[in-house]
Every structure is written in structure tokens, then in C-alpha cells.
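Q: Protein chains in written order, with this note's numbering: chain A, 3 to 329; chain B, 3 to 329.
Just so you know, these hints were derived from the structure itself, not from any lab.
Misleading hints may appear alongside valid ones.
[Stated by the list, open to error] From chain A, some residues computed to sit far from chain B (all C-beta separations above 12 Å):
1) ILE30
2) LEU42
3) GLY46
4) ALA80
5) SER124
6) ARG183
7) ARG225
8) GLU234
9) PHE269
10) THR293
11) GLU295
12) ARG323
[Said to hold, decoys possible] Taking lysine-lysine pairs in the DSBU-like style, the calculated list, with each CA pair at most 30 Å apart, reads:
13) LYS257(B) <-> LYS286(A)
14) LYS99(A) <-> LYS81(B)
15) LYS286(B) <-> LYS250(A)
[Claimed, not checked] Facing chain B, according to a computed beta carbon distance under 8 Å, are these residues of chain A, among others:
16) ASN36
17) LEU121
18) THR201
Note that this is a predicted model, so its numbers are computed, not measured.
C-beta: ideal position from N, C-alpha, C; glycine also.
Number of protein chains: 2
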Amino acid sequence: MTKDLVLAILKNSQGYISGEKISKSLNISRCAVNKAICALRKDGYIIMSSTNKGYFLQNQSERFNLGEILTLLPLSYAKRIIFLDTIDSTNSFLQKKHPNLEDGTFVIANEQTNGRGRLGRSFDSPKGKGLYISLLLRPDCVGENLTEITCRTAKAVSDAIEKVSGIRPGVKWVNDLMVNRKKICGILTEMSIEGESKTVRNAIIGIGINCNHDKTDFSEGVREFASSLYIESGKRTNMSFLAAEIIKSLDKLRKDFPNNKEEYLSFYRNNCITLGKEIRTIRKGEELTGTAEGIEDDFGLRVRLSDGKNLVINSGEVSVRGTDGYV
Amino acid sequence: MTKDLVLAILKNSQGYISGEKISKSLNISRCAVNKAICALRKDGYIIMSSTNKGYFLQNQSERFNLGEILTLLPLSYAKRIIFLDTIDSTNSFLQKKHPNLEDGTFVIANEQTNGRGRLGRSFDSPKGKGLYISLLLRPDCVGENLTEITCRTAKAVSDAIEKVSGIRPGVKWVNDLMVNRKKICGILTEMSIEGESKTVRNAIIGIGINCNHDKTDFSEGVREFASSLYIESGKRTNMSFLAAEIIKSLDKLRKDFPNNKEEYLSFYRNNCITLGKEIRTIRKGEELTGTAEGIEDDFGLRVRLSDGKNLVINSGEVSVRGTDGYV
Chain A
3 MTKDLVLAIL KNSQGYISGE KISKSLNISR CAVNKAICAL RKDGYIIMSS
53 TNKGYFLQNQ SERFNLGEIL TLLPLSYAKR IIFLDTIDST NSFLQKKHPN
103 LEDGTFVIAN EQTNGRGRLG RSFDSPKGKG LYISLLLRPD CVGENLTEIT
153 CRTAKAVSDA IEKVSGIRPG VKWVNDLMVN RKKICGILTE MSIEGESKTV
203 RNAIIGIGIN CNHDKTDFSE GVREFASSLY IESGKRTNMS FLAAEIIKSL
253 DKLRKDFPNN KEEYLSFYRN NCITLGKEIR TIRKGEELTG TAEGIEDDFG
303 LRVRLSDGKN LVINSGEVSV RGTDGYV
Chain B
3 MTKDLVLAIL KNSQGYISGE KISKSLNISR CAVNKAICAL RKDGYIIMSS
53 TNKGYFLQNQ SERFNLGEIL TLLPLSYAKR IIFLDTIDST NSFLQKKHPN
103 LEDGTFVIAN EQTNGRGRLG RSFDSPKGKG LYISLLLRPD CVGENLTEIT
153 CRTAKAVSDA IEKVSGIRPG VKWVNDLMVN RKKICGILTE MSIEGESKTV
203 RNAIIGIGIN CNHDKTDFSE GVREFASSLY IESGKRTNMS FLAAEIIKSL
253 DKLRKDFPNN KEEYLSFYRN NCITLGKEIR TIRKGEELTG TAEGIEDDFG
303 LRVRLSDGKN LVINSGEVSV RGTDGYV
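Whenever a hint applies, use it, and build me the whole structure from the sequences.
A: If you want it as C-alpha cells, here you go:
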């Protein structure tokens, strides 16, 4: 952690910075600064030192670690970001640890060995290819607000992706992010609710963004439906940049909720690619088809069914009719 | 565990039973039977043995342990009941362990050192006074069914209490069980929900029944609002009996859901003491008062507000007006 903070300070300083200045701004000993410099050098960072001037970090090729991310954020974020090299699942990590973590804690992993998607599906999370990040929220709300939180997340993540890659994804209701009809980001929100009062105890939002995958990085069953920012734009994503933007954007969501609804709602209505499409959903075991016509004020999907009736969907999965079949 | 199974067999056998018969019916070695007999004797059970006839358990004063509970249930329940002498909270235990436990697992504790109630409140759980039991469910349902599950629980627990104590509690919406306007049972349901599809991953139902408390066993702030089966009936509850009935009743609930709704709904409508009363609730920060008029088909509470409008309540806490103030 100290190492990451020192890296952030070195990267953000113009020219040389003295060990004393680093030690003062982090409120740590000179000895701790020295240790951090050694550790960074061991990691391959080239740090010049001069007896009078202090330390200077030479330009580096891009890397993905906590220090690089902190370079792009106020340092006060440091205590709310956990960076792991490998983990089963960032959501599972927060599930286990949340009693001891504060509202607004982020967990990022370089790889997930057991990444999870919706309805018990798995989520491919190879090392260095995607951004795998989860956020712990303790929102002051009841279960009825679940759809709104998941829909707000779609905007928050979409904003960050656009800022870094220039690509604005479309939102397939409820919160799949799509580019050219393929999924580039999966979101899995897991909430703990008190059954009697419906109070939401905590919500864990897990996000997996396909960044630098080639087509062959996807397993066969997935390749047809998934894409990456690299495949769609031809550009590699700097994952530290993307992580920092996602953190800023989700932190805004956390502070906004339940206010600023109009901002999220109007984004959602403008970017929801499900609207106007033929859709299919399962309701009480029955398959229903119809046309998605609008987004309600609570982010429910308003559908005109084949039999002419209207239906508002707030739960379950919705498939959108493509050229052949539903995706 | 073997000890508990052997106890159940001894208690349920007419007269002497041979070690061989015990070993066969549990599919364990004769040596394991001998060890279990020794352990039971160490616990204070008086077991006669005769070379030709086998073992015979002398009548005992009532005790509260897994073996006593299993005596009253099919032995197949053994693998789904965990009995703990002391634990922080039976719900917390299931929260931590549920990935490795099967649907329908029960946890019972002799005492809870950090018993939890709704909205972060604590629940007094002194040793030997109350029954503290939690059930793990993996129901096939979505978040909209939360109210129904909690209301069905009120009936299941109420049935068991009546069977053992003769007292039929009233149900204060949503699922407080009341006798003479005092609470004798608290229920806390904690559910994990997938935010996107609203699928319920698991529900943990925690139940605390005040059985053998004297008035002085309640802490001062609680005494005014809480009572026990002993205070109300003058009779001590055999907690093993009550535990077995609760287990049977909740297991019926588990198998019934989502069917047999009419049985639970009609019970609920007949026993909900909130109906006809003046109530108070908080909605979006605003205090509302009105008269509870009915239970909807989804177990929502239909209220006629002071301004004449109708409102159906599905979340939040509802207070009922007593002689002075709301409880």
C-alpha cells in the first residue's frame, strides 16, 4: 500500500521530489519511503535518485496496479481500494469480507479464477485481458429500488468506458453493455435484503469489462455473443485508466443515489437498445413475446405484448430478437 | 452426531435394544455404538446394559439437545440439523456457511451471544430460556415473493407454538407473533438476491421464541413489549418438543412453497391482529396513519389512510396503535 502511494506521488510530481516531501505528504517515516522506493525498483520501475534533489521516476510503459490507479485519483481513495493479483471472484471476496469493510470499498483483481455471471453462469476472467472490479454499497433503500440501482450502474459504467475508449455502449435492459450487438461488459449485482422490512443491507456490484481480448481469447460458446473494446476499436485499453474512471463514476453513483434520478433516467432512455425491439421473456413459466416500448420512471421495461396488452417487466431476463433468434 | 442418533434410537425403542440392532440401523460399527453409549453416560444419561438383551435407557428429566430432537423426527433429518451450544447468531452462522450446506438445513443454538433482530437491533438470547433456530432455504422465486415467504413463516411458526403450548399467537403484520399484545417470537429473514434478474439465491429465516423467561429475564427496555410462553401460560416449554415441531412446520413450508398458498393466506387473514387497527408507517420519510383493512393476495397490508386514500404496504415497519402510543 505504501509502495502504491509513493508511486502515485512520484508519477504526479514534476521532476525530482525529495524523500522528505514524500514522507511528509504520506505521514510516514523516511525509512518507509526508502523501503517503498526499493520495492518499486524491484517491480521494475526505474527511479533515479540524487542526494540533493531526491527521486525521479523515468517514464514507464503502462502497467496495471494500485499505484498506477491511485496516480489518477485523490490519494484519499487508497483506503477504499483493494487490489488483488488473483481471486476466485471479486464479488465473492466482498461477500465474505463486507462486515469489516466500509461503504464504497472497491476490489479489483488482475484475474478471477471463478468469475461469476448471472443465474449461476460463469464469467471468463483471464489475466490482463479484462477489468474485474466490485463495489460494496450500503444504500439507504428498500428492495423496490433494486431495478433502479442496477440501471444506474449501466450509466455509470457506460460513462467510464466512453471516456477511456471513445466507444459509447448501448444498454440491453437491464444492464448488459453492448457494442455492435455483442456484449462487452457484464454486471452482476448481489444484494442482501431483510425480508420483513425489505431494507437493503448491502449491495455488491460486480463488473467485468472485456478490454484487450482477441477473438481467440473467448471460449467457443461465448465468442459468438461477446466482444472486447480492442476488437471493436482496434486500440488497447490502459486498464489503470479505465479502473480509475470506473471508480470515479461508481463513486458518483454511490453519492448520487437516491438523488439525481433524472440524469440517470434520461441517459437510460436515450441509450437503451432494447427499446423498439422485439423481445422475449419468461413470466411464471410462460414465454411472452412483444415489443419493448419504453422505460418507466422506476426503470421497469414497458412492453406491448403480442396480444396487445401492456406489461411492465421489473425482474427476470429479457432476450432481444436479433437477425436470427433471441440474444 | 452418532451419539445423538443412538440416543434417538434408545428413546424410541420399547424396552431393551441390542447393540447389534443399533449398529445395523445406523450402519455403524459395534465399536461406534459402544463409544456413543459411553458418551451418553458421560452426559448423565442412565443406560442399563445386559449381556443378552442389550441397552435400555431409563426415563430422564427433559433435556435440550440434538438427540432429544431427533427422537421426535425421522432420523433422516439428522444430516440437516446442526446443534450448537453457543454461537454469535444462528443467522450469521448460515450466512457464513451456506455455500456448503444443503437447502433445508437447520441450525439451533442453546444461546446466541449476538442475536440479531430487524434493522440492526439486537435480540436477547439467554441460554436455556428461548429457542433460537435458523433455516436455510433456496426457494425458486424472485424478489417480489419476499413478503409471501415472511408471511408464510408466521403461520408455520404459529402452528408449531400452538401444538406445543396450546397458545395460538396473533400475527402482527408482517410476522411478529404476539400474545396479549406482547411479542413472544421474533423472526428475521435475510435474503440474497441477484439484482438484475431479481432471483432469490437463498433465504435465511431466523426465529427466536421466548419460552421459559420470567419477567426478570428480559432486559428493562424490552420487558414492556415482550413476553414468553411461560409468562403467558404458566407452563414450562419442553424445548426439544418445540424445536421438533418448528422443524416439521418449517420443512412443510419449504416443500409447500410456492404452492398451497390458500392455506397460508386464509390462516393469515384469520390471525392477523393488525386488521381493524389504527396503524402508523413511514413511507419515503413521511409518517402515514390509517386503518388496516385487509390482506392482499400477495400478503401486502391494505390500509385506508386518514385522508381516505387506499395504500398497500409491502415493505417497511408498521406500528399498531395500542392504548397509548404505537407498538
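Q: Next, verify each hint and record whether it holds.
A: Against the structure, the hints come out as follows:
Residue-level check passed: ILE30(A) sits 36 Å from the nearest beta carbon of chain B, beyond 12 Å. Even its closest Cβ contact with chain B, about 38 Å, leaves LEU42(A) beyond 12 Å, as expected for a residue assigned away from the interface. In this structure GLY46(A) is separated from chain B by more than 12 Å, as the shortest Cβ-Cβ distance comes to about 38 Å. Residue-level check passed: ALA80(A) sits 28 Å from the nearest beta carbon of chain B, beyond 12 Å.
Listed as outside the interface, SER124(A) is consistent with that label: its C-beta sits roughly 15 Å from the nearest C-beta of chain B, beyond the 12 Å cut-off. Interface exclusion of ARG183(A) from chain B stands, the closest Cβ pair being 19 Å apart, more than 12 Å. Chain B leaves ARG225(A) outside its interface by the beta-carbon criterion, the shortest separation being 23 Å against a cut-off of 12 Å. Remark: the non-interface label on GLU234(A) is consistent with the geometry, its nearest Cβ contact in chain B lying 23 Å away (cut-off 12 Å).
Annotated as non-interface, PHE269(A) keeps its C-beta farther than 12 Å from every C-beta of chain B; the closest such distance is 18 Å. Residue placement check: THR293(A) keeps its beta carbon more than 12 Å from all beta carbons of chain B (closest about 21 Å). Against the 12 Å criterion, GLU295(A) stays outside the reach of chain B, whose nearest CB is about 21 Å from its own CB. Remark: the non-interface label on ARG323(A) is consistent with the geometry, its nearest Cβ contact in chain B lying 19 Å away (cut-off 12 Å).
For the hint linking LYS257(B) to LYS286(A), the alpha-carbon distance of about 18 Å falls within 30 Å, and the restraint holds. As the CA atoms of LYS99(A) and LYS81(B) are separated by approximately 28 Å, the hinted pair is consistent with the 30 Å bound. Between LYS286(B) and LYS250(A) the CA atoms are separated by roughly 28 Å; this keeps the pair inside 30 Å, and the hint holds. Violation of the interface hint for ASN36(A) is found here, the shortest Cβ-Cβ separation to chain B being roughly 41 Å, above the 8 Å cut-off.
Checking LEU121(A) against chain B by beta carbon gives a least distance of about 6 Å; that is within 8 Å, so the hint holds. Interface restraint check: THR201(A) against chain B, minimum CB-CB distance 6 Å, threshold 8 Å, status holds.
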